[in-house]
Amino acid sequence: MPAESSPEPSLTPADVKKVALLGRLALSGAELKNLTAELSQIVGFVSQLAAVDTDAVEPLAHPLDAQNVFREDEPAASLPTSEALRSAPRQDGECFLVPAVLGDSGSA
Amino acid sequence: MTAASPPFTTVIGLEVHVQLQTKTKLFCGCVTTFGSPPNTQVCPTCLGLPGSLPVMNRCAFELALRAALALNCKIAAFTKWDRKNYFYPDLPKGYQISQFDLPFSYDGHLEVSDPKGAFEPRRVGIIRVHLEEDAGKSMHDEAAGTADSRIDLNRTGTPLCEIVTQPDIRSPQEARAWLNELKLLLVYLGVSDCNMQEGSLRVDANVNLHIPQDDGRIAKTPIVEIKNMNSFRSVERALAYEAERQWGEWQATAAELGSMPKQTRGWDDAAGITRGQRHKEESSDYRYFPEPDLVPVTVTDDQVAAIRASMGEPPAVLRQTLESRWEISAYDADVLVNQGKELVGYFEELATLVGEGKAASNWMQQDVLRCLNERGGAIADFPVRPTAVADIIGRIKQGDFDTSRGREIFAEVLETGKPVADVVAGMGIAAVDDSELKALCAELISANPKIVADVQGGKEQAAGGLIGQAKKKNPNVNPGKVRAMVLELIRSMS
Ligand SMILES: [Zn+2]
Numbered sequence: 001m002p003a004e005s006s007p008e009p010s011l012t013p014a015d016v017k018k019v020a021l022l023g024r025l026a027l028s029g030a031e032l033k034n035l036t037a038e039l040s041q042i043v044g045f046v047s048q049l050a051a052v053d054t055d056a057v058e059p060l061a062h063p064l065d066a067q068n069v070f071r072e073d074e075p076a077a078s079l080p081t082s083e084a085l086r087s088a089p090r091q092d093g094e095c096f097l098v099p100a101v102l103g104d105s106g107s108a
Numbered sequence: 001m002t003a004a005s006p007p008f009t010t011v012i013g014l015e016v017h018v019q020l021q022t023k024t025k026l027f028c029g030c031v032t033t034f035g036s037p038p039n040t041q042v043c044p045t046c047l048g049l050p051g052s053l054p055v056m057n058r059c060a061f062e063l064a065l066r067a068a069l070a071l072n073c074k075i076a077a078f079t080k081w082d083r084k085n086y087f088y089p090d091l092p093k094g095y096q097i098s099q100f101d102l103p104f105s106y107d108g109h110l111e112v113s114d115p116k117g118a119f120e121p122r123r124v125g126i127i128r129v130h131l132e133e134d135a136g137k138s139m140h141d142e143a144a145g146t147a148d149s150r151i152d153l154n155r156t157g158t159p160l161c162e163i164v165t166q167p168d169i170r171s172p173q174e175a176r177a178w179l180n181e182l183k184l185l186l187v188y189l190g191v192s193d194c195n196m197q198e199g200s201l202r203v204d205a206n207v208n209l210h211i212p213q214d215d216g217r218i219a220k221t222p223i224v225e226i227k228n229m230n231s232f233r234s235v236e237r238a239l240a241y242e243a244e245r246q247w248g249e250w251q252a253t254a255a256e257l258g259s260m261p262k263q264t265r266g267w268d269d270a271a272g273i274t275r276g277q278r279h280k281e282e283s284s285d286y287r288y289f290p291e292p293d294l295v296p297v298t299v300t301d302d303q304v305a306a307i308r309a310s311m312g313e314p315p316a317v318l319r320q321t322l323e324s325r326w327e328i329s330a331y332d333a334d335v336l337v338n339q340g341k342e343l344v345g346y347f348e349e350l351a352t353l354v355g356e357g358k359a360a361s362n363w364m365q366q367d368v369l370r371c372l373n374e375r376g377g378a379i380a381d382f383p384v385r386p387t388a389v390a391d392i393i394g395r396i397k398q399g400d401f402d403t404s405r406g407r408e409i410f411a412e413v414l415e416t417g418k419p420v421a422d423v424v425a426g427m428g429i430a431a432v433d434d435s436e437l438k439a440l441c442a443e444l445i446s447a448n449p450k451i452v453a454d455v456q457g458g459k460e461q462a463a464g465g466l467i468g469q470a471k472k473k474n475p476n477v478n479p480g481k482v483r484a485m486v487l488e489l490i491r492s493m494s
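Going down the list, the sequences are from chains A and B.
So that you can map any letter, position 42 of the first sequence is 42 in the numbering used here, and since no number is skipped, the others follow by simple counting.
So that you can map any letter, position 344 of the second sequence is 344 in the numbering used here, and since no number is skipped, the others follow by simple counting.
Honestly, the hints are just simulated from the structure, not real lab data.
In this text, a Cβ means the ideal position worked out from N, Cα and C, and glycines have one as well.
Honestly, I wouldn't trust all of these hints.
To be verified - Below, a sample of chain B positions facing chain A; criterion: calculated Cβ distance under 8 Å:
1. Cys30
2. Val31
3. Pro38
4. Val42
5. Gly51
6. Val55
7. Cys59
8. Lys80
9. Ala147
10. Asp148
11. Ser149
12. Lys183
13. Pro296
Said to hold, decoys possible - Calculated pairs, SDA-like style, for lysine to any residue (alpha carbon to alpha carbon, straight line, at most 25 Å):
14. Lys93/B / Ala20/A
15. Lys93/B / Leu21/A
16. Lys341/B / Met196/B
17. Lys137/B / Thr22/B
18. Lys17/A / Tyr288/B
19. Lys17/A / Lys93/B
20. Lys18/A / Asp285/B
21. Lys17/A / Pro89/B
22. Lys17/A / Lys262/B
23. Lys93/B / Ser87/A
24. Lys93/B / Pro80/A
25. Lys74/B / Arg233/B
26. Lys137/B / Val98/A
Whole structure, please, built from the sequences with the hints as guidance.
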């Protein structure tokens, strides 16, 4: 469905910097420049969808036409700790080791 | 209120996370046992390994529904899950499966009141209740001076209900009372054990002040979110501290809501203060999007009705039931219900055996609860069972001995574990028969002409002096019977 006139979305280097920060990516100046151009093209391509009239269309929560998939609350075997830790870059046989984390998790 | 009202209103909203009482995690079959060695309850799904897929735990969803219904929430007919994206070492997938725009329940309320009237009854609105997974635990030993943090993912994927209230709470004391009521409710319904020490219940609080101005406008101070509160008492203290701090800040800067981004402050329990936490400017951008690995869930009215029917009486209803069924005071019913379901069961068994609630309630409040608190432990393990207490109350009612003697017997049964009958026999307590009582009273009357004269002169209460003497001569006499007998004998003299 090629759109007649999709407005050209323009991403700024600042937008890309922010996304990179959220993704914990360190970009060089050249990378930032290239990605700004490339991401603008991708977003521009996808934004053709904006031309479709979706007023009467229900938002799709999931592409599969399935609902209510459950499992019963029954324990299954966990991994042995050695297996769980096996592919970690660093571990001490009990825990995963990561660079010092101070302060509170941003979680839950 | 006794103290002068402060020149502001404290406005508080709470965000509570409770761990649901399931055997296994939300999306995999790993167990949720607390305190196991690190990384022994993990599998490819909860480690976020490539190729693994989450499948929703039916029990977790039903417990969450139960919590929402108990909080008078509306249940969404259609609900879905979303990814909340952020990086943290205790979150192996790089996102938390949570609910964003279509939580399974919303728009409820839970009331709290104080039986002694310390504050007006308060209905606290619930904005939403949703179901999400927990993160893992990171441990950093600063004393050891190591550069590493250690990550334990046993808790990752544990089912949590997040409960968000409206900013309807108006004092730190109310906040604490409301949390107590919430905890009681969730424990009664078997939704969660709400054990704060084990992290099964966590509270964050949002607080600011509304300050009336001379021109009639209400000035609002910037909202502060308080974290790291490890008990309900800490919540109360942190909120009281924060209200005072904001009042001082307002007087110094007059800064209002909207003049700065929302601040997060951590509660330092030992120091008794809140401290500003470093603001992560990107932290609010979670880029939610629908979780493609989970299909939506629909809930029918029939399902809701079935869960509602299986819930049992929530504490607020149970208080009224006890009050009317056993004709006890609202205060007594409150004390009993607040001790939990098992204690209420004990009381009702006792009241049934005794045949009335008043005496049973008095013995619960004055003897059973006091001794239970002194000993510690659960009512299920309390050595004096309702049958024994009922036996003692029955013997008092039939005049074998008085209440204070009954208390001694209760204490002895508690200490020795012997049956009531054996303790009564062993203590040499035998019912004093009428002729024995009559002889004793006659003896006292002849020895106390002054009291006799007083009674004859119309002062019946003077007979009380003889009851004490009678008890000294024979500890087993029933004071009521002594009184009646003494009055009868004196009357027959004139
Ligand atoms: Zn698992």
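Cross-check of the supplied hints:
no.: 1; hint: Cys30; result: holds (5 Å)
no.: 2; hint: Val31; result: holds (5 Å)
no.: 3; hint: Pro38; result: holds (5 Å)
no.: 4; hint: Val42; result: holds (5 Å)
no.: 5; hint: Gly51; result: violated (13 Å)
no.: 6; hint: Val55; result: holds (4 Å)
no.: 7; hint: Cys59; result: holds (4 Å)
no.: 8; hint: Lys80; result: holds (4 Å)
no.: 9; hint: Ala147; result: holds (6 Å)
no.: 10; hint: Asp148; result: holds (5 Å)
no.: 11; hint: Ser149; result: holds (4 Å)
no.: 12; hint: Lys183; result: violated (18 Å)
no.: 13; hint: Pro296; result: holds (5 Å)
no.: 14; hint: Lys93/B / Ala20/A; result: holds (18 Å)
no.: 15; hint: Lys93/B / Leu21/A; result: holds (18 Å)
no.: 16; hint: Lys341/B / Met196/B; result: holds (19 Å)
no.: 17; hint: Lys137/B / Thr22/B; result: holds (19 Å)
no.: 18; hint: Lys17/A / Tyr288/B; result: holds (19 Å)
no.: 19; hint: Lys17/A / Lys93/B; result: holds (23 Å)
no.: 20; hint: Lys18/A / Asp285/B; result: holds (10 Å)
no.: 21; hint: Lys17/A / Pro89/B; result: holds (22 Å)
no.: 22; hint: Lys17/A / Lys262/B; result: holds (23 Å)
no.: 23; hint: Lys93/B / Ser87/A; result: holds (15 Å)
no.: 24; hint: Lys93/B / Pro80/A; result: holds (20 Å)
no.: 25; hint: Lys74/B / Arg233/B; result: violated (31 Å)
no.: 26; hint: Lys137/B / Val98/A; result: holds (12 Å)
When each numbered hint is compared with the structure, violations occur for hints 5, 12 and 25.
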